[in-house]
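Residue numbers (my numbering), protein chains in the order written: chain W, 1 to 460; chain S, 1 to 1002; chain U, 1 to 396.
Keep in mind that the hints were calculated from the coordinates and are not lab data. Among the hints, erroneous ones may be present.
Claimed, not checked - Listed next, with one range per pair, are the computed distances between beta-carbon atoms:
no. : chain 1 : residue 1 : chain 2 : residue 2 : range
1   : W       : A154      : S       : P92       : 45 to 55 Å
2   : S       : E754      : W       : M319      : 25 to 35 Å
3   : S       : A541      : U       : T293      : 45 to 55 Å
4   : S       : P566      : U       : T293      : 28 to 38 Å
5   : U       : Q298      : S       : P92       : 24 to 34 Å
6   : U       : E340      : S       : A541      : 27 to 37 Å
7   : S       : A653      : U       : G271      : 30 to 40 Å
8   : U       : G198      : W       : Q360      : 52 to 62 Å
9   : S       : S530      : U       : T386      : 38 to 48 Å
10  : S       : W165      : U       : T293      : 53 to 63 Å
11  : W       : F420      : S       : G639      : 37 to 47 Å
12  : S       : P542      : U       : Q298      : 55 to 65 Å
Stated by the list, open to error - Every beta carbon over 12 Å from chain U, so not counted as near; a handful from chain W, in silico:
no. : residue
13  : P14
14  : F106
15  : F159
16  : L183
17  : V250
18  : L290
19  : N292
20  : V356
Yeah, the Cβ is synthetic: ideal placement off N, Cα and C, and Gly gets one too.
Here's the letter readout for the chains.
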Amino acid sequence: MRADAAVPEALKAPPLTDGPVTPASLDEQVLRFPETKPPRKWFVALAFTSSLMTMGMALIGYTISTGIGVWGNNRPVFWAFDIINFVFWVGIGHAGTLISAILFLFRKTWRNAIARFAEAMTIFAVMCAGLFPLIHVGRPWLAFWLFPYPNQRALWTNFRSPLLWDVFAVSTYFSVSLMFWYLGLIPDLASMRDRTESAFRKKVYTVLSLGWRGAASHWSHYEKAYLLLAGLATGLVLSVHSVVSFDFAVSLVPGWHMTIFPPYFVAGAIFAGFAMVVIVLVVVRESMDLKNLITDFHLEVMNKVILGMSCLMAYSYLMEGFTAWYSMNPYLHHVFRQYVGGTYGWAGLLTISCNVLIPQILWFRKARRSYFWMIFVSVAVTVGMWFERFVIIVISLHQDYLPSSWHVYKPTLVDFGILFGSFGLFFTLVLLFARVLPVIATTEMKMVLPGAQPERHGGP
Amino acid sequence: MDKRIELLLRRDGGPYRALSERAPTDEDALANLGEFPEGASDPPELPPEGVSRRRFLGLLSATAALAAGTACSRPDRGSVVPYARRPEEATPGVANYYASTFAEGFHAHRVLVKTREGRPVHVEGNDEDPWARGKAPFRALADLLGLYDPDRLRQPLVEGGKASWAEAEGRVLPILRRAAAEGRPVLLLCDAVLSPSRMEVLKGLGEVLPGLQTISFEAASGLGSLGASRSIWGRTEFAGLHPGKARVILSLEADFLSGEDPSAVLAFVEGRRPADPDSPMTRLYAVEGRMTLTGAKADRRLKVRPSRSAAFAFGLAGLLHSRHGVPLPAGLDPGVLARFDAAREVEGEGAESVVEALAADLARAGAGARVLAGGHLPQEAHGAAHLIHAMVGAEAPAPVIPLVLPASHEEVLRALDAAAGGTYSLVLHWRVNPALVFPGHAAFTGPAADRSVRIGLLPDETAAACGVVLPENHWLESWGDYAPGPGLRSLQQPAVAPLYDTRQGEDVLLAWTRELGGTAPSDFREQIRSRWRREEFPAGAPVPFEAFWNSVLHDGVFEREAGPAPVSGPDGAALARMAEAVPAGPAGRGFELALFPSPAVLDGRYGNNGWLQEWPDPITKATWGNPLLLSPEDAQALGAGDGDVVRLETGKAALEAPVLLQPGQARGLAALALGYGRKGPSVAEGIGVNAFALMDAGSKSPFLREGVRLAPAGRRIPVPTTQTHHRMEGRDLVRSFSLREWARRDGEDGHEHELHSLYPGLEFPDHKWGMAIDLSACVGCSGCVLACQSENNVPVVGPEQVLKGREMHWIRVDRYYEGRPEAPKVVHQPMLCQHCDHAPCENVCPVNATNHSPDGLNQMAYNRCVGTRYCANNCPYKVRRFNFLEWNNAKTEPETLVFNPEVSVRPRGVMEKCTFCIQRIQDVRMRAKVEGRAVRDGEIRPACAAACPAEAIAFGDLKDPESRVSKMSKDGRGYKVLAELGVRPAVTYLADIRNPGEKDDG
Amino acid sequence: MTAGERRVKAEAGVEASGKACAVLGLFESAEDLLAAIPGLRDKGLGRLEAYTPYPVHGLDAALGHRRSPLAGMVLVMGFIGAVSAFLFQMWATGIDYPIVVGGKAPTAWQAFIPILFEVMVLFATFTAGLGMLLLMNRLPFYGHPILSSTAIGKITRDRFALSVEADSGPLDAEAARAALEEAGATEVEALPAPEPPGPWSANYLLKGLFAVGAACLVAGYVTYWAVKLFPVLPPMAHMEDQPRLDPQEPNAFFRDGRGMQAPPRGTVARGFLPYAPSSPEEADGLANPLPRTGSVLQRGRKAYRDHCAVCHGLLGDGVSTLTAAYGAKPANLQARAFRETPDGRIYDTIVRGKNAMPSYASHLSVEDRWAVVHFVRVLQRAQSATDEDLDRGGRP
């Protein structure tokens, strides 16, 4: 227990907070936000994002009333922005689950400060993702046919279709993330219930906190359940993006039909997700003045993860290229030449530079700790990962087996409008979350604050 | 034994009586008859007593209809309207076929019109036709849409305002009467006349209208051939474009494989289906400037500018004489031919050897040789063709004999000038559209126009100019008879009553003839019948004329012994004069412009037909317009790429058109299709540019112009093409070998990739439908595309959508260029759903909308489809089509009437694709079942197979080892496209075999 | 705050609720809490429960809690989820509605794995989450006295509470308070008995959870009707209303308002050569082209019974079921006059009709008509056979 005397300074876990933080001060700092009126800049931001969202919704309405033809999709590029955005957002979601589940299993206590936010982002991202499969079908009003429900045609769905696997994977992922998030919220909601002055809020928090009273017997079940959920969520998060990658890997389109896709997609997802988390965290800790809880150390660790993932991506790209070359498959060779040359070569090069080259800057401690560089890298990674999906989907499709049906794809304004609309939706939800619910899991923080645990039970 | 019979027997005492007792006596027999007074039939309105039998049955059917109506749980689907008195042949839901004739220019094609509930829904070839053997030209199929064209004239117009026939004719007849009385000239412009009865109508009018000047005129066909045969043989006839049974064919710009004449394609491919590398095979030489389907199919193609093809041919004749000692006809001095050097006219290296080979082949072939010259060539070229025929002793193809001598553009122009000058008291434009051919001519403006009458189908340029417009029947609503060629007569009968208040042009003229005091039958049908009774009805026939007439109507064609082909050697002197008229020496500098009739809209008459506008040109794959075709080298020199607009200037005329690079086109040649740049009707309007403006009516071949100047205009107009990439990228998609290459790879060929599957193979209980396509026979004419479009309700999407790559054709003909762009090898490959056993599209559909039928079809349940488009992504052949927008449901009558009732119309958001015409499969299977027999091989013919003039497509049961498709699938040339993917397609392609001859082969 | 005031407050709390059944003591830190537990356990005043703002390590051991059984439940439910998912896919695809897709047998199971996994995780996670809340912790439950106690605000922030609760038998509140103060509790509070669980408490929710199963069945039927009615609303029409023109549909485009048009006069459709004779007399010359074989007679018999017998009677004697309802009496084909009419004339009557009898041309194909003629002859022969016929067994 006290063995860390032998541990050299460099390897010691740095303090989780800057300056002294007591449970009381923590509550005071974090739980007051829902009680206080948001600042003007919050309203400005909300106005901006929600108008983006409204535009996106309007364009979706236009699409549904007129037809997919208002997009740029054509033959042979039957999928484009719609599925790109879907894969992109599902990917963003993965960071949250990773932080809350996998890092929890690894007993990385620094996760406690950011887990709540990351999980919320997971849920919002999956909501954005879920939008696209719904609206991208030709007859959205019949999308409910993708669920195997009893009907008078006695028809079932095709359980062999990766799209159906998606339906199950994504819906499971959403409900599990939601439950995980809510379980974490319950004790915090209880604290808010007991500290709030307004009768109305008290009612709401009472109901939401399910009458939580922090009994020791409850805590023991609670911790067990949380552990189990973390374990299951870990398996799930790996499976979800693997299933998403099956949409491509299981088909026979050259450039899609690749065994490396599942791990490659998961890595990419975590990569993009962390970038997004960094962007949001920086904003949050600055605007909500949480520097002492979300410390530079947190950011640095996140950036290290991004760096590692970037190297993993580089490896994936290399391996993908190698397998393509080694396969001796002329169709595959052609597609991979198109990735870096041809009509859309720029997209491939952009992807590589954003996902592989730019993040290398994070090798420098300075960059890992400077807002400018980490934002720069994170934005680059977000863009890069979006274009990676563009490369995989559009470039692979636009020149497949028969040259006679090759055709160039041009997106329309509607395509872009809906893409930005989805960002609007995401950030609108983030902003609302930041003001109505505890942005930091106070209970989990209290657990790991110095002196929180009795000496002989491994407290710090 | 039937219960009621027993009762009846028992009633009159049971069977135990002497039979004599039971025989009815004459009395009661008479009594029975007596109770049946003549004319006691009961009119439905007043039944004798109780309910009449007819009423009873009526009620019965009504109840049934009601029951059917109410039985369905859906909201009311409307009422049921049965036939009041059903015609014998019309059974609801069952198709009828009417033999008829489709006339176009100097050709009359024998067709079968498929009708449903008395409404034409499809057009096929007439299987009784001895020449085309059940094949129809693709434009005949497509013009079905013209019948239901919403732009059609629906009633007469006077000064652009709607009017009755009485009013309209009230404007015309007084003028005619005066003209008849005073003998003042009246001009009648009409299209080619191949109908003897129509001829008589014109004569009849001429008799009562002495001043009538009839000009028959085809805007897009040249008269060089006519001129040649007149000066050489003294006969007014066109040399037919038919390969016959020739072993060596030389085509001078003659696109006889375009599919416009199915019988020519049929005859050609007969010699092009080699069973093995040693079997004899027809050899085709093509000498042309523009790349045509014939050139694409040729074994040897020589690039010669159209203006020089005469010189080439004469040079070839000279070579035949000098090198192979083939005698020249009397009166033609070898010196005249010595001026020409065939090889020098050819662009590119290695011409000499090919020309040598060509001459040798022709000399060797003798009677088995045939030289065909394109219609737009000057008469010298045709003369040269005749010369070579005469030299080697080959007989010329059966001629086409116009009944009215067609006028040249120059004559028409003169007539129009006169009309503008007020010479004629009345100008009749019947079917022809001169306002398009001579844009801005004075005859279509001012007073002359008011004195002009238009008899036609559509509100086109001429109709817009004319004071009185008389709407004419569509050919599917008309009667007619034709003399397609020596020894063949065909009848045309309407497949539907006129949809609007329209009349047949002949009927109008007959009525006028009567008005002017002439004697004419009541209508054109009577005219035809009387003529047939007089002229066609064989003397001493055992049957009455009525029976004869009906049987000819039934068959559609009537073969009579052709008159003996006139035998007269060519006039050597005339040939010499022609040869001297041709300048020797190589092609001059500067650009040469070749105007050619568009394969889609011809001279513009089909401009309003969406099917044809969107039909990809078989060579360029361009739709919706006429890009300027340039050879890649010239385009590069001009600094213009695909879609860059170029300005053409010829003398005073000039226009701007987007460029399309055409590999294999002769240098210094610009080619532009006629028939575009219309000012109406709605579909045709503003599509492409009007190339007639560049025509030189004065010159002897108005479609060829030299000294054309080209300059980039600095704009771009993207050309909507259905194929944007033209090379195979070294992929094993279309196999095309010469005979010896085939011999070389024989044995190794036919081996298929070793394919493994995780799953046990499928079992097909009774049938396994499959298709085989012989690429050696396929000429790429793309008639199948239109047949499919008509059969399967395939929508038209318009140029913008084609540019986006969203056209909907279920079958397409892929065209690839191999080798050097200046001399490419062109191959075609019809591509349709391959109905794979291990269909990748089926795996990925989340709702099972596409799955496999027990007889091996990859079937598509439209109304289960939610439109994820995953299947289309996963289709390696990219043959699935998605309704990106709503193409169909906004349509109303008459457009909706063209829909095939046997195929559901797909709304937006739904995936669709080739079904192997499952409606036809089921139809035949049902018939077979009713007749208690098995389905016969070849009985089921998908629309594409039925329309293919080359019989390249075979469809049938792969489980039946004797079926044609099974045999073809096992052929040594057979292979599957992308077999290595292991999707196990049901379509087998047979390698394309060429026969370029010994030298520099492979 | 002095001990006296504390006591007063505690009493007040108890007054409010009648009898105290739990006494609560607050501690400053987890350390103090853990330290206090052993002593109190020895006293055995009642069941001990601790309330903490966050899980405190070692508390379970100190209080002697059992290990949570959640893990086992999750394992079982996960297994059930996996198995049921697999069996359902197998049944739906392989048994209930077998559809061949991509050349795979309907029962090919390989592709069912991903969904199997997802459903397994779904079952497992919901067991873990809901099981913990509803089963183990009996939450939600808003009726617990500690929620209304003054201490709770401190507990959910940073204080640690230990409560002595009535176990079996009544609680000695005084002793408990004394013990807690002795153990170093900074504040002590007596709590009343819990209220009975309200409608939103776990017990009811649990029952509700079992109702969910039933709800699923109901939902199944609801969707059944929903999709039955839903799809007919535009734009959900499943292509029933086709823009194409189907047989027997009315159509305003044509002058007569009928979708079905009659062929133009004088045209001849393939396979329908018009009937040649211009008058019944001409028809006399026609000879019956069909042989008098068994199959032909069978065919004639069927056609006759379907179309003719309704008036002419099964024996051709004009006695039929319709006779009563029918004005004129139909012809008796047994009469000599008809026995002597030539085949051609009978055929002509079928095609042309006669007097009251309409044409049957559109009902009977040419072969059928001639077969009927044969059959009529058979009827006549049978009805007016001679005794020689009998001797020859009816054979001609």
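Each hint, compared with the structure:
1. One distance hint, 45 to 55 Å for the beta-carbon pair A154(W) and P92(S), is violated here, with the actual separation near 31 Å.
2. Under the hint 25 to 35 Å, the C-beta atoms of E754(S) and M319(W), about 28 Å apart, fit the expected range.
3. A beta carbon spacing of about 33 Å between A541(S) and T293(U) contradicts the range 45 to 55 Å that was offered as a hint.
4. A hinted range of 28 to 38 Å for the beta carbons of P566(S) and T293(U) is inconsistent with their spacing of about 55 Å.
5. Between Q298(U) and P92(S) the beta carbon distance is about 27 Å. The supplied range of 24 to 34 Å therefore holds.
6. Taken as a hint, the range 27 to 37 Å holds for the pair E340(U) and A541(S), whose Cβ atoms sit roughly 34 Å apart.
7. In this structure, A653(S) and G271(U) break the distance hint of 30 to 40 Å, their C-beta atoms being roughly 55 Å apart.
8. Roughly 60 Å separates the CB atoms of G198(U) and Q360(W), a value that falls within the hinted 52 to 62 Å.
9. For the pair S530(S) and T386(U), the supplied restraint of 38 to 48 Å is violated, since their beta-carbon distance comes to about 55 Å.
10. At roughly 58 Å, the beta carbons of W165(S) and T293(U) sit within the given window of 53 to 63 Å.
11. Between F420(W) and G639(S) the beta carbons are some 39 Å apart, a value that agrees with the proposed interval 37 to 47 Å.
12. In this structure, P542(S) and Q298(U) break the distance hint of 55 to 65 Å, their C-beta atoms being roughly 34 Å apart.
13. In this structure P14(W) is separated from chain U by more than 12 Å, as the shortest Cβ-Cβ distance comes to about 22 Å.
14. Distance to chain U confirms F106(W) as a non-interface residue, since its nearest Cβ pair spans about 18 Å, more than 12 Å.
15. Its beta-carbon lying about 4 Å from the closest one in chain U, F159(W) breaks the requirement of being farther than 12 Å from that chain.
16. With 12 Å as the threshold on Cβ separation, the claim that L183(W) sits away from chain U is violated: the shortest Cβ distance comes to roughly 6 Å.
17. For V250(W), the shortest C-beta to C-beta distance to chain U comes to about 9 Å, within the 12 Å cut-off, and the non-interface label is violated.
18. The claim that L290(W) is not at the interface with chain U holds, since no C-beta of that chain comes within 12 Å of its own (minimum 19 Å).
19. Every beta carbon of chain U lies more than 12 Å from that of N292(W), the smallest distance being close to 17 Å; the non-interface claim holds.
20. A cut-off of 12 Å between C-beta atoms confirms that V356(W) is not in contact with chain U; the least separation is 30 Å.
Comparing the model with each numbered hint stated earlier shows that hints 1, 3, 4, 7, 9, 12, 15, 16, 17 do not hold.
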